[in-house]
Structure formats: C-alpha cells, structure tokens
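Engineer: Work the whole structure out from these sequences, hints included.
Residues per chain, in single letters:
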Amino acid sequence: MAFSVPYLGHGVGLRTTHFPRVLDGTARADWFEAVSENFMIDGGRPLAVLERARASCPVVLHGVSLSLGSTDPLSERYLRALRALVDRIAPSWVSDHLCWGSVGGRYAHDLLPLPYTEEALEHVVDRVETVQNRLGRQILIENVSSYLTFAHSAMPEWEFLAAIAERADCGILLDVNNVYVSAVNHGFDPERYVMAMPPDRVGQIHLAGHSDKGTHLLDTHDGHVVPAVWDLYRVAVQRCGPISTLIEWDDRVPEWGVLCAEAERARMVEAQMLEEAHAATA
Amino acid sequence: MLPLRELQARFLRSIATTPERSDGHGFDPALLELVEGRGRLGSTDRLGVYTEMYWARLLDVLRDDFPRVAAVLGADRFTALAGAYLERHPSTDPSVRWVGANFADFLAEWGPVDDLPFLADLARLEWTRLAVFDAADAAPLRLETLRAIPPSEWPRLSFHPVSALRVVRCAWPVHELWVADDPKAAATTVRPAATVLRVWREAFAVYQTPVDAVEHVALRQLLAGAPFGVMCDRLEAVLPPPAVAREAGALILRWVEDQILALPLAPSRRGRAR
Numbered sequence: 008m009a010f011s012v013p014y015l016g017h018g019v020g021l022r023t024t025h026f027p028r029v030l031d032g033t034a035r036a037d038w039f040e041a042v043s044e045n046f047m048i049d050g051g052r053p054l055a056v057l058e059r060a061r062a063s064c065p066v067v068l069h070g071v072s073l074s075l076g077s078t079d080p081l082s083e084r085y086l087r088a089l090r091a092l093v094d095r096i097a098p099s100w101v102s103d104h105l106c107w108g109s110v111g112g113r114y115a116h117d118l119l120p121l122p123y124t125e126e127a128l129e130h131v132v133d134r135v136e137t138v139q140n141r142l143g144r145q146i147l148i149e150n151v152s153s154y155l156t157f158a159h160s161a162m163p164e165w166e167f168l169a170a171i172a173e174r175a176d177c178g179i180l181l182d183v184n185n186v187y188v189s190a191v192n193h194g195f196d197p198e199r200y201v202m203a204m205p206p207d208r209v210g211q212i213h214l215a216g217h218s219d220k221g222t223h224l225l226d227t228h229d230g231h232v233v234p235a236v237w238d239l240y241r242v243a244v245q246r247c248g249p250i251s252t253l254i255e256w257d258d259r260v261p262e263w264g265v266l267c268a269e270a271e272r273a274r275m276v277e278a279q280m281l282e283e284a285h286a287a288t289a
Numbered sequence: 441m442l443p444l445r446e447l448q449a450r451f452l453r454s455i456a457t458t459p460e461r462s463d464g465h466g467f468d469p470a471l472l473e474l475v476e477g478r479g480r481l482g483s484t485d486r487l488g489v490y491t492e493m494y495w496a497r498l499l500d501v502l503r504d505d506f507p508r509v510a511a512v513l514g515a516d517r518f519t520a521l522a523g524a525y526l527e528r529h530p531s532t533d534p535s536v537r538w539v540g541a542n543f544a545d546f547l548a549e550w551g552p553v554d555d556l557p558f559l560a561d562l563a564r565l566e567w568t569r570l571a572v573f574d575a576a577d578a579a580p581l582r583l584e585t586l587r588a589i590p591p592s593e594w595p596r597l598s599f600h601p602v603s604a605l606r607v608v609r610c611a612w613p614v615h616e617l618w619v620a621d622d623p624k625a626a627a628t629t630v631r632p633a634a635t636v637l638r639v640w641r642e643a644f645a646v647y648q649t650p651v652d653a654v655e656h657v658a659l660r661q662l663l664a665g666a667p668f669g670v671m672c673d674r675l676e677a678v679l680p681p682p683a684v685a686r687e688a689g690a691l692i693l694r695w696v697e698d699q700i701l702a703l704p705l706a707p708s709r710r711g712r713a714r
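As they're listed, the protein sequences go chains A and B.
Throughout the first sequence, residue numbering follows my numbering, covering 8 to 289 in sequence.
Throughout the second sequence, residue numbering follows my numbering, covering 441 to 714 in sequence.
The hints are simulated quantities; they were obtained by calculation from the structure and are not laboratory data.
Quick reminder that beta carbons are idealized off the backbone N, C-alpha and C, glycines included.
Taking CB as the label site, the calculated pair distances span:
1. A:Lys220 to B:Arg694: 50 to 60 Å
2. A:Ser218 to B:Ala520: 21 to 31 Å
3. B:Asp516 to A:Asp229: 23 to 33 Å
4. A:Ala235 to B:Arg478: 19 to 29 Å
5. A:Met162 to B:Trp538: 30 to 40 Å
6. B:Gly477 to A:Pro249: 39 to 49 Å
Residues from chain B that keep clear of chain A, each with C-beta distances beyond 10 Å, as calculated:
7. Thr457
8. Pro507
9. Pro552
10. Thr568
11. Glu584
12. Thr585
13. His600
14. Val630
15. Ala666
16. Val670
17. Asp673
18. Ala677
19. Leu679
20. Leu691
Structural biologist: This is the structure:
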C-alpha cells in the first residue's frame, strides 16, 4: 500500500472575493483549492470560475461535509455529486476532514471532534475505504482544530490520524495551524504531533490564521499565519520534505497581492528549510 | 462511556440548543461527563464554543441568503426568528446552500411576523434569486436562429425556457423592497398588490421584473412546453384576437433579448396551424 500525489508548490484557496480576477485571468497561482460543496451546483458563475481556474492551473477539491466520522450512512446523493464534480474538474486530489458533522440526518455544518477510540478508528477507516472505492481514487484526510477532547479517548490524535491513513491507505492533509490551535487548547506539544506524521502519507499542508480568544484559540482563517505556526511549518517541512502547501484565508479575505505574498512566504520558508537540510547532509 | 452514535446524537442535540438557552443548561449531562475540562476552559465552556459556532455559522448563512428579509427585521429580530426556524427546520443537506430551503414557508406560517405580512413573499423572491443564480447553464436562442424560421412553421414551434428562469407569484410588490436602499423604511409604505415576477439570469447576473397579465399567461405556456400556436390561443383570453400575434411575437423577441429561451428549437406535434 502506498500513497502518492504530485508536488504542486504553494497555492491559495479559490474564494469569491477573487472570482473576478480568476475570470479575467489575472489571478495567477501555483494551484487552487476549491471547497467541493460550493461547486456541487448545476451551473452559473461559481462553476464557470472553477472551470476557468482549472484551465489555468491544477485544482484540488476540499470537502467539508463528507462527515467521515458520522454514524449516519454516507450520503449517496453527496457521493454522486462529488464524483460528478471530480469527473468534471479532474482535480489533482480530493480531501475532507477527520471529523463528523451530521447525525440522525441532521447537519451541523461544523467540523465536530471524534473520540480517539478503537471503535471510532475502525468506523472511519471503513468509511474512508468506501469513499475511495466510490471515487476510484485515494483521498486525503485533514486534522481539524478542536476545542474539546473526550475522557475515553484511548490514544492521542496524531496516533489516531496516522493509524487511519495507514489502515485505510489514504493520504494526510496536515493542517499545521490546526495542530497549533488544538495544541494550545488541549496542552500538548505541537512538534510532537508533526513529528509523529508518516512523511510518505502527507500529501498537502494547510497554513492559516487564527484568533486568540483569551481562554482558547479559535480557527478563524481570517488573518496572517502567526509566527508560531510558521515555526511549526518549518518542522513539518523538516519532517516531510517539500509538500504542496496552501494558504487558507476564508474570512476577511485580503487583496490578491496580500494572499500571494503569504503563499510566497511559505515558498521561501520551505526553500530555506530544504537548503538547510541539504547543507546538513552535504 | 457512550457508544459513538449516542455520543454524536447527544452532542448535536446539545449544541443546537437555541442561543438564548446556550449557557450550558441545555447540555446533556452524560456528554458533559465525557468532555475533559482543563486549563482556562471547563467542559461546559468547551461545548459552548461549538454551540456558539453552530449558531453563528447557520445564522450567517441565512443572513447571506436573505439579506433583505434580515434588513427589514433588524439584527435582533432576525436572529430570534432565524433561530426559531433552525429549530423547526434543522439542516438535512450536506451543503449549507439548502439551509434556507423552507424559510419562506416558515415565515408564511409564523405568527410573530404577522405585522410584516409581505415577509414570506420577500423571502421567496430572495430564495428564487439563489435558485436562478446557480441554475444549469444553457445556450440561449439567438435572433438569427429565429429569423431563419419560415412564418408558416411558427405555430408549431416549441420554445424551451432556460433553467435559470423562474416565475414568482406574490401578494405584495416585494421587488420594490428588494431594490430599496433602505428596505426597512420602504417596508413601512408598501401596500398589497398581486404581483407576478419573472426572475432570470443573463451571463452571471440575476434580474427580476414584474410582468403583466399577458406575459404571465405566455410564461405559463412557455414553462409548460406549449408550442407557439397554443400560447397564442391562451393569449386570446387576455388580448383582443387581432393583437395576439403581434403581442406574442413581441414577447418572444423580448425573451430572446433577455436570454430566457434556450436552444434547441423544435417543431412540436402539439401545435396546430393557424
């Protein structure tokens, strides 16, 4: 069993703020990440933007509602719509989150935390395998920011994530900001988390901003990546090597130039770490 | 320890408690026992973070999808009303796109908005605009195509509407509220008037216009797939016979200009020669 995705460089999220630039061809990026559900529609401007983006560079699809950890059956309608979008766009890969978001047919539209138990692990592995079979491709699963943990968890999150990737033969989308947010909220060492990631399973990295609420950090994606997250990104590059990295900026989305500058900074940090690693082994 | 399904059911039930009751009193005790409280946040506070996010996200979605309804109601009243809606109609679709699917019907039945009797119509218009915004694309029928068809074939021609066309029947002229700079102020002067709105998309922009009885009859025939000849027959109910062909032709030209007619254009067996 192996996992492999191409290296795409340093991309940005495809967000409505910059749709006009995508349509007029002035939004140039290494690659775009599109939120799958926003494009599971019949037509109109969003799909035209996505197709225009896809014509100019690689695109990956990132879902928020697959609800991999839910005990409800996987939504057949959702899987059909996702498969249709995959066939239409030919993304470089497809990802979603290690969480649940629905139960009893009711959707929270949030990324809710799982207990890290053997029961949950087996359940998620089974569902990831089902999704991969339905899509005819491996998917990547992303660690989410969390604000609570369960007393009956039997393993830390990093072991849970790595075990799922191995058993389900899928990839990992390592959200470095989410690791940091959860580490502060739950009091674990974020470097330990990153160093526990199997490098051959990590296919993408997310970088984003968050908000300090005083009592906890909130994953808001509404600002610059903070210094501590850049430091953790350095550890991730050290651990995994060059990995396609995306700036996730979803709220208070800045001007195109600011967004691109953040992606450029990621490129420079990665280059610096790779150079240091090369010098150390020379 | 709770089985995973039971944990999830109790979790969602807890965080979907309405905002005014989200101080922790609505949280499931068995669930709270499983939530680890450490540092500056206890278990109730931690579950409260999810409660806050649940309501903030879904209220944002409804506010974005129904901006004029929100403006007319004002922030506090909209939040209370949208909260009541979400309790009655929780989201059942993976995409937030459909969270507001029942909002107009809910408003029509919800007693506390009796002082704003046009609100359900306004919500229906806003929801229709969303449906038109992301409806399937279609190649519009061009004037050149139409001009190439001999007049003798017109009665049997079947025009097809594009997917991005809707007709909304309202008891209030809510399109006036929709375009008002201050919908809340405009709401104080609006008076009931049976109104039919045509809502459509040209390129990526969504438009709406009130239509008269003639166009309404013709639109119903178009949407029913009736050929031009049948459309003209029906128009005789609202037009003097000598004016029918001229008015029907003018409507077709207007619809071509507005890009609400799609290819293909085909003779229909349902038509009859006039």
